[in-house]
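Chains as they are written, first to last, in my numbering: chain A, 904 to 1211; chain B, 1265 to 1518; chain C, 273 to 1110.
Source of the hints: derived by calculation from the structure; they are not laboratory data. Think of the CB as a built atom: it goes at the ideal place given N, C-alpha and C, for glycine as much as any other residue. Any given hint could be a false lead.
[What the hints assert, rightly or not] Okay, the calculated beta carbon distance ranges per label pair:
hint, chain 1, residue 1, chain 2, residue 2, range
1, A, 1101, C, 655, 38 to 44 Å
2, B, 1353, A, 1107, 35 to 41 Å
3, A, 1129, C, 510, 19 to 25 Å
4, C, 846, B, 1492, 47 to 53 Å
5, C, 698, B, 1487, 43 to 49 Å
6, A, 911, B, 1366, 29 to 35 Å
7, A, 977, B, 1353, 33 to 39 Å
8, C, 698, B, 1353, 37 to 43 Å
9, C, 596, A, 1107, 40 to 46 Å
10, C, 696, B, 1483, 48 to 54 Å
11, B, 1487, C, 510, 48 to 54 Å
12, C, 647, B, 1353, 56 to 62 Å
Letter by letter, the chains look like this.
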Amino acid sequence: MVVVYVEEAGELTQQALAFARFLAEPLHGFAAGEALEVGGVETLHVAEGEAFASYAPAAIAAALAELAERLSPSAVIAAGTQRGNEVLAHLSARLDLPFAANCVAATPGDLFAVTRVRWGGSLLEDARLDGGLKLLTVQPHSVAPEEASATTAPVERFTPELDDADLLVRVVERVPAAAGGVSLAEAKVVVSAGRGVGSPEGFAIVEELAGLLGGAVGCSRAVTMAGWRPHTDQVGQTGTKIAPDVYIACGISGATQHMAGCKGAKTIIAVNTDPEAPILASADYAVIGDLHEVVPAISAELRKAKGA
Amino acid sequence: MRVLVCVKRVPMTGGKIVLTEDQQAIETKHLGFAISPHEECGVEEAVRLIEAHGGESVVLTLGPPEAEEQLREAMALGVDRAIHLVTDGEEWDAQATAAAIVDAIRADEAASGPFDLVFFGNESADAGGYQVGIRTAYSLGRPAATGLKGVAVGDGGVRCEQEVAGGRDVYELPLPAVLTVLEGLNLPRYPSVPAKLRAQRKPIDSSSPERAPSRLEKARLVVPEGQSKEAVILGEGPAAAPAVVDVLQQLGAA
Amino acid sequence: MSTLPRQARAVVIGCGIVGNSVAFHLTDQGWSDVVLLDKGPLPNPGGSTGHASNFIFLVDHSKEMTLLTLESARQYRELGVYTECGGIEVARTEERMEELRRRMASAKSWGVEPVSLVTPAEIKELVPYIDESILLGGFHTPGVGVVDSLRAGTLMRERAVDAGALSVFANTETLGMDVEHGRIRRVHTSRGTIEAETVVIACGVWSPLIAAMAGAHIPLTPAVHQMIDIGPVPRFEQSSHAIEYPIVRDMDVFMYERQDGTSLEIGSYAHRSILHDPEEIPSLEEAALSPTEFPFTQADFDPQLADALELMPEIVADESVGVKYAINGLIALTPDGMPILGETPEVKGLWSAAAVWVKEGPAVGESVAEWMVHGESHIDLHSSDISRFHAHQKTRAHVKARTFEAFPKTYGIVHPAEQWSSDRNLRISPMHAREEELGAVFYEAAGWERPQWYEVNAPLVERYGVAAREAEWDARWWSPIINAEHLAMREHAGLFDLSAFAIFDVQGARALDVLQRAVLAQMDVPVGRVVYTPVLGPRGGFKSDLTIMRLDDDSFRIVTGGAHGMADKKVFRDLLPEDGSATLDDVTTAWTTIGLWGPRARDILSSVTRDDVSSEGFPFGHCRTLEIGSQLVLASRISYVGDLGWELYVPIEQGARLWDVLWEAGQPHSLTACGIGVYGTTGRLEKSYRAFAAELESEYTVVEAGMQRPRVKEQDFVGKEAHLRHREEEPAAILCTLTVDDHTSTSGVKRYPLGREPITLRDGRLLTDAKGRRSYVTSAGAGPSLGSYLLMAYLPPEHAVEGSQELAVEYMHERFPVTVARVGAAPLFDPENARIRS
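The shape of chain A in the complex, shown without the other chains:
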């Protein structure tokens, strides 16, 4: 039996369920505070209490620990999001158990062996965990999600016992993002460039193209490290991981840490002077040329098409 921590209903949870089901049945779900509409589990156990009015990772982990104590699952799984990893890390600390984050595979029946990602996905690690209870999170978008079940799982509420310490870290405020602009993480089209643009002003042609496509502007780590653009524009392993329909990468060589941030893109178009640049091995289309000439030409062509 496997317990799945459900952060919110959606594709990532469906992926986690698919992964968990591959390991063992039955599946039980766990949610903190709210009874989410989730199918595919025998029961959705919901932790109740003031503590869960907002996100509180230590409290959630405490509740999960109590549930696990009661149900004795062979594994606790969650989606490998920031919070999924955080909650399971707390759980692993509480229970003094090893925790493998961002797994892409695990050997069914022998939960000692997993394959997990390193370097944001550019490298894989085969590893073994000891300990009775296995704690794993699932690398987002590495496992096919199972179809959402028509029926919602029955809910069982419980009130976990919590220490004061468990309550210290919880969200007390939500500061909304400045309105306007397309969010890089959500954009359907992203146009990005590297230091080859030459200067902060050099991004004007990139912004122009992104604007015409209704997309967001991204950049390489070298650009943010030079202080040319804010970190929020950075696409990469330590920046924003994007999954647009179209990613146009201009003058970006394709370092592994950058590719880790954009491999979710459905279609990649590379603009580069070097036909052997690493990015071309991951690109669907390429233009061999200087971005200073190619990017404005694409914008001009788009305007023509729109005008026509």
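Following the hints, complete the assembly by docking chains B and C onto the known chain A.
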């Protein structure tokens, strides 16, 4: 104020990751090394806090003898001194790492007083385990906020900001606390030459802790198969622009 | 992308500054169907050109390097990529100030101007951010500049492409080469195969790997040189150009600093030698930056931070200035510090243009192209010639050992006679043990250990009253014992170890034809004659000089100095007919040579042989086999020291016996062991004998060197047409021997010029001949038997007047008066050659 920042020495990879013959590690003979990106911002934040509030900053790493390079880099940014938990180059799993760090923190605090804040990177660029900071916090009985892009120290507490869809979530933690941070928290400075020279003379406290047995043990590394895409060359130079627009229109992007 | 052609007139591999330049200049000189390849992308394929500091310091002690640099600077200017900013070499120590004075002298000798020595205050005016209080002075070359080498290469390449003569293929890796019958035939690449009979390797640090594909050697090693960029520098924010202040070379600490936009670039040659194997260079994808930008090793640069801070505190101590960029850049180093140019001796048609700095790139391209197209370059490249290497010098171990030792000398103070200490004691002559017993001080040439002088002869110094040299620099790598040995030889006799000769036997039905073609002199001489002859290049200048013995109708033995022996070997090998009717065997290590000269030489020799060695029986310029004890000895009666005597050749394993026999026989005649100090310098200077690479270069004609014979042979030979022309013209310069009248410097210390110093009028004005060449000292040394100190120099005809006292030699920034003792080749000592012919 006393602030500790924990860093890890990681290789700086290029366009392709190459493994050693035994598949146990990345081939690093052509690669330089750096402080893992997230914690580089932790170092900068620690230095800024001491600049603002006075006190002492310390940098700690668990790593091979060569990791001294990263300690000197951190001290060149302004950190006052360093603790080096020297390993023989073998990887330590998160639990063993956290345990050694906890011991070192306790020892240092016994000698010099508590750390108001301990910074970690949210996850290391290489192993990406997401847990060393949290485990350390738990052992020390301190609250931990993670994935932070904003840190502001007030009276006896720290206001932490975490980016989420639609905005930022705010936590308010009492001190002492443990924070794991993300790149983007700040823009780290470039060290000046005088700072580098001073860093050469700053003290490093070295020890070689015993390694706890592995509980998450790496068996081998595997470079994932590329999709082996053959990019369709749409053309050369600006003359390719019409072909690009065709593709964009087909994809429904234009 | 267009497809690779199946065939090409020439394939140039490597698209850095050198490859681009070679390709362009080949087309500029008339070739078309030239193909240029690189495994990397354009415009920056990832080699050393891409990260080079790109500055051109014009002056070098080497004439060859300086001429290549001056020509390159001219080409960079013509391409519009040269930014003149000036360069200052600064001195923190008095020793360095002396070195700067020598650099001034070299500048004058090679024609670099304007140049000047500057005071600390003047340096401060030019470079306001320097702390001049730690300096003693500087050497300022205003013409120094910074170039855009990537752009220069691109422009050259594009010119050739536009002319329709060149096609370029980037991202095309060379995978192999085919050699047939010793000739290059085709190149296999990742895009296909090209048939070509001429291939040029201009691959920088990768060159050894490419050459190995064809079984050839390019003996260089990749080495690291560190550089960092710091910025933004407040003072530079007001600059409107990328570089507005002179480049500073802080050579005492092996560093340089230069403005680069708003940053200051700081480079270092101070660190330990960091050598890499060419196999270690990563591919483009594996490399984090470019394949020749290795990760920075901070520990190696730490001491340099303090040195830079000391020199430029205004910038370097500024806490707001951050270290933005730091690399261990890869450059190519060679065992002797000179480039590697020319057709490889192993494979015909395979050329090397490797180990070249940005500052020589364009001129090297032009010179190699000239060499390929016309058989010779207009700049003499004998020091860079790839055929110069002896077998052991091509090994990885030797290359590494010497480059490891050479790297710290990049900005070091190197004495012209300085000896290497690494990889010694490889080639040991059969007389070595005897020489050790006599306290030989061994110098190395071509790998051979040769006695320069013998400590056992120290008492002769007092006996002959030889004066010491007072200045440490003049006395370094020298001993008064040399002069004493010389005098002992002239008085009695001297015994010389000449094992380092390179010896080649040319044999066969066409052997005479080959030699006639190769050399200036008439070679159809009777068997048993010895001919000394220059070897000319196509333009009539000197390619070499050597002696040849006719051992039989179809058998000739060529004897030449070890230093240039391998290059000479290629000259003759290249002239051999394809059908094998003449062959060349390198018998260097089959024979050893002992020299016996002096008034008592005949007395000594005749006491050990019954064969006729009388003056009539064995005339000068002949050779024959003598029986000396149990040994058959080939005796050749010639003398590079200009005295009565013989070169004696025996099989190498018998050398020690011959030495012992002669030594014992010589004792009653006061025979003295004499070193190369006598053989190479004092002996020949007194006799005005010229030396290749000193007086004799491709730049000077036979007539200018005063070596023309009464008649020119009717047979054709390389350079004949040019030589005939030279005989009709007035020489633009005449080789003279000068004596130094007064060695006393302003401090009272006597100084002795060592070579390469400029010859001036007494008031300091330099002498330039009609071809634009400066007068400078080609050889310097004592003429002990004359009681003079001798200099050789080419003088414009109006100053080549025997007895004239209007000239001086400039040494250590002072002028010492000289007299023109001899115009032309007639000896000063024993002008009738009575001793040699006695």
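Practice problem: Any hints from earlier that this structure breaks? Give me their numbers in increasing order, please. | Solution: 2 and 9
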